[in-house]
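Going down the list, the sequences are from chains V and Y.
Going by our numbering, the first sequence opens with residue 1071, and the numbers climb by one from there.
Going by our numbering, the second sequence opens with residue 4, and the numbers climb by one from there.
Hints are computed from structural coordinates only; laboratory data are not their basis.
On a predicted model such as this, the values are computed, not experimentally measured, just so you know.
Among the clues, some could well be false.
Said to hold, decoys possible - To list a few chain V residues with every Cβ distance to chain Y over 12 Å, as calculated:
1) Val1167
2) Ile1184
3) Gly1200
4) Val1211
5) Glu1226
Stated by the list, open to error - Have a look at the derived ranges for each label pair, beta carbon to beta carbon:
6) Y:Gly67 / V:Leu1171: 27 to 35 Å
7) V:Trp1152 / Y:Cys78: 29 to 37 Å
8) Y:Leu74 / V:Ala1111: 26 to 34 Å
9) V:Gly1183 / Y:Leu19: 30 to 38 Å
10) V:Leu1171 / Y:Thr8: 24 to 32 Å
11) Y:Pro33 / V:Gly1159: 24 to 32 Å
12) V:Gln1174 / Y:Met4: 45 to 53 Å
13) V:Leu1089 / Y:Thr10: 44 to 52 Å
14) V:His1121 / Y:Thr10: 32 to 40 Å
15) Y:Ser32 / V:Ser1188: 24 to 32 Å
16) Y:Trp35 / V:Ala1097: 22 to 30 Å
17) Y:Arg63 / V:Gly1183: 48 to 56 Å
18) V:Ala1181 / Y:Leu19: 15 to 23 Å
19) Y:Val71 / V:Ala1178: 48 to 56 Å
Note that CB positions come from ideal geometry on N, CA and C, so glycine has one too.
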Amino acid sequence: MTARQEALPGDLKMWVLILSELAVFGAGLLAFLALRLGDPAGFAEAQSHLHRLGAGVNTMVLVTSGWLAAVAVEAARAGQRWHLRAGLGLAVLLGAVFLTLKIQEYAALWAQGISFESHAFYLFHMLLTGFHAAHVLAGMVLLALVAGLATPRAVEAGAAFWHMVDLVWVLLFPVVYLL
Amino acid sequence: MTPATRTLTRCWIALLLLAAASTLVIGLSPPWLSLAVLTLAGAKDWLILTRYLGLSAAPRMARGFGVVLALFLICAAALALAA
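All chains should be built: construct the whole structure from the sequences, respecting the hints.
Written out as structure tokens, the structure reads:
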């Protein structure tokens, strides 16, 4: 295949969705960093209330679920229905673990009397991580649906969405929790 | 285990190690911390794009994504270092 004929793997519509989601989150993260320039000390103090280790664990949970989804795609191509459903089922389970840890994080902040009105940092933190968590939930539903369909094309599309959720978190985690 | 699954598993292990490294470098002083965590994030995203999403089979597309990712990380690093 020549360079001109080179095509994106998987469904083009899913790539358009991936690019648009990355653009939205990328703009949100850069706006967050730009806003931080006006109050670096306040942002650092607010960030110290977050559970960095829990967010780090959540990164490992998501990349592991991404691996399971990728392995499920290989199983779908090989016609191994049981393997693909097991892989996607475990990926969905890890998505639930991710959301549970996220809810615990919000609850811990709430218990400290912190809400999105407390500081601009928390407004962005909750908007960005909440929007991402909504994508995790949508991805879990999508993976469950494509596990039912069990066709290679459907599983590829579902897994691609799930990897987009991974991609976003991998950028969101250092910007919001570590910098 | 097929060669494709073996490649995915190696990618997953690399991602776990990079994720662990991201959490461990928080002891670094600010300028180095920003550069280290953003470099590690870029490495993780590159692995997800090329291995999990299969862009390694489309090198020109992968390079395009790589340029956009690098531009984002450079902007993020500049804003982080300016704070």
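Q. Tell me, which hint numbers fail for this structure?
A. 5, 7, 11, 12, 13, 18 and 19
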